[in-house]
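There are 2 protein chains.
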Amino acid sequence: MLKKIYLMTPGPTPVPDEVRLAEAQPIIHHRTKEFTEIFNQVSEDIKIVFKTKNPVLIFASSGTGAMEAAVVNTLSPGDKVLAITGGKFGERWRDICKAFGLNTLTIDPEWGDRADPKDVERMLNEHPDIKAVFAVLSETSTGTLGPIKELGEIIKDRDNTIFVVDAISGLGACNIEVDEWGVDICVTGSQKGLMMPPGLAFVSISDKAMKFVETSKLPKYYWDFKAMLKSKAKGQTAYTPAVSLIVGLKSALDLIKQEGMDNILARHHLLAEATREAVKTIGLELFSKYPADSVTAIKAPQGIDGETLKKQMDTKYGVKVAGGQAHLKGKIIRIAHLGYMGPFDTITAIAALEMALNDLGYPVELGKGVKKALEIIYKGWK
Amino acid sequence: MLKKIYLMTPGPTPVPDEVRLAEAQPIIHHRTKEFTEIFNQVSEDIKIVFKTKNPVLIFASSGTGAMEAAVVNTLSPGDKVLAITGGKFGERWRDICKAFGLNTLTIDPEWGDRADPKDVERMLNEHPDIKAVFAVLSETSTGTLGPIKELGEIIKDRDNTIFVVDAISGLGACNIEVDEWGVDICVTGSQKGLMMPPGLAFVSISDKAMKFVETSKLPKYYWDFKAMLKSKAKGQTAYTPAVSLIVGLKSALDLIKQEGMDNILARHHLLAEATREAVKTIGLELFSKYPADSVTAIKAPQGIDGETLKKQMDTKYGVKVAGGQAHLKGKIIRIAHLGYMGPFDTITAIAALEMALNDLGYPVELGKGVKKALEIIYKGWK
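Chains as they are written, first to last, in this note's numbering: chain A, 22 to 403; chain B, 22 to 403.
No lab work stands behind these hints: they were computed from the structure. Where hints are given, some of them may not hold.
Note that identical chains are pooled: a pair holds if it fits in a single copy or bridges any two copies.
Claimed, not checked - Result set (DSSO-like, lysine-lysine): computed pairs, CA atoms no more than 30 Å apart in a straight line: (1) K301 with K24; (2) K72 with K24; (3) K255 with K238; (4) K341 with K400.
Bound-form chain A, shown alone (with noise of 0.2 Å):
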């Protein structure tokens, strides 16, 4: 049979053609003024994305990149800070900050759940030295959306603490408010509702955290925000961009602007809600317990090996969807609704999964999650 490749993995995610044109176009020098048009236009649109009238810096770099900028730019050695773990990318806050000799408490939920806002609000109660709390919008490993407004509020009125927050596989499907809700720094990369490939990381920067970055003593480069603060003010960064990225990126935030934020974030959870009554109703469960849009965790049903099912649906069907991180390998698979993604996708989705469970021998109805998704589908489509 003909495969056609469904990319529905939690980054990367498609590309739309538009983008992928732009990326294909005559590279141009990064110190002209024509780069410095582009670079303009993206930093001020990329706001529309954060929500936020803050600056948005733009490294070459991927995702993580950004969240060891974040940390580098306004602590130093020794501050105490707090990482709310409870997947791979919780924990990768903390393991930055341990790396660059931070007094890293940790809270940590179980994987699939979330932190209790009230636990955050104790704990800097007991420790108000703590100078950074870092939390996951859509922890991409377990499909759990963080309570991120609720912490800001807990965060957002306490001066010598500030709000980190890892948007990287959230941005664009989860909604953040980021001027709103009191995020001082929010995180993202380029490969998941951006509808581009890796390659770009951005950091938003609140006022509050600009004086965090005046104090910072950690030492650092490449991710230097002042430098790069400096270089922006003449539509120019610090050091050689990605300049084909950026160029796309351009036309992603063009499609972006086209479809409109509040229409992206209603069809990213109308595509999510689809996917989670399709599985439940043939008998699966989801693993988290509150859900985020971004990402859908689903468990593998009795007896069936998570991976196995995952290299089913990619092999035979094309659908590439991801397995499951660290201890939950086996034990889960996760469908992505990220990014340049539309209804005859995940009806896609859930047709591969019906058929692939159907192959190793997990008997479902054909057709039973088709039919649920697409009457969530139907009434929701605008």
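Guided by the hints, dock chain B onto chain A, whose structure is given.
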């Protein structure tokens, strides 16, 4: 809602990335060894699709150009010919023959029906001076499969009559065995089963047809088979070829060889069968008495205008199907399964059809047809 485009018209059809990228390569000059190597390769490989050992000429033109070429290269003014109509493209054979002053007899099945081979045999017995019989493999306007094998049996032993077949929308979707079935001239275009953009046309020529070419007196220059065959022997075309399309053709034929003709035909049959059963399940009727596997013509249900239905599927769901032509305008829609089309495309088409019908006030149980299609697809997926 984000609108992805699903091109399900019976030409043009979707073009795989491999082919698009091949066509985007730097243009090469055609009077070079480099071009000749590619041209010789595609001239051989195209025979696999035609199931022929005869030469296949490649013109820069639409399929209609190749139809005209078949007429003007084999016949002389006043020759008696038989055109089997029954649809827009059968009628095109008739119209081309008339335009060149041929004595044009016709057999005219109702649109959606096909000629009875016995009627053709009777006509040939009554008019032994019929020089050529023109038929259509897949009548695109009605989704009808012509009785090509049966007609070939009737014509192949008549030395004074050649059998000319329009396989434009049929080739690569509906089986045709050019040599085995005694098809003397078979024509096709690039934008159908060959998974390419429009712009190339193909003509296979049997030894028997070549005898007609030797005596043909109709005027010709661009379409001159002899000039093209002479150039072909040197790995060239007589006039400037559509270079980027020839380069794309190499890539398309590589994909075809990789999948294998039998697998390709089985895939088209499976998708067509799934579509036919799905639409019947939701209470719709097929238009054709002999449905082809290239495109399925579906009667617009009572009270629903076919053009409105087509438009709804396009504007709301991004699924581009064809409407009816000539007197069938508003009466039918046509969903293609042609070329670079996989099972999930068919699922998408049925889902969009179900939703669009509901939009227009024709109640269809959402997912009913999709479920049927999925069951058939699952059973036939190899």
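Okay, the hints, checked on the actual structure:
1. K301 with K24: both (27 Å within a copy, 27 Å between copies)
2. K72 with K24: Between. Shortest inter-copy distance 24 Å satisfies the 30 Å Cα cut-off; intra-copy 39 Å does not.
3. K255 with K238: within (26 Å within a copy, 74 Å between copies)
4. K341 with K400: both (27 Å within a copy, 22 Å between copies)
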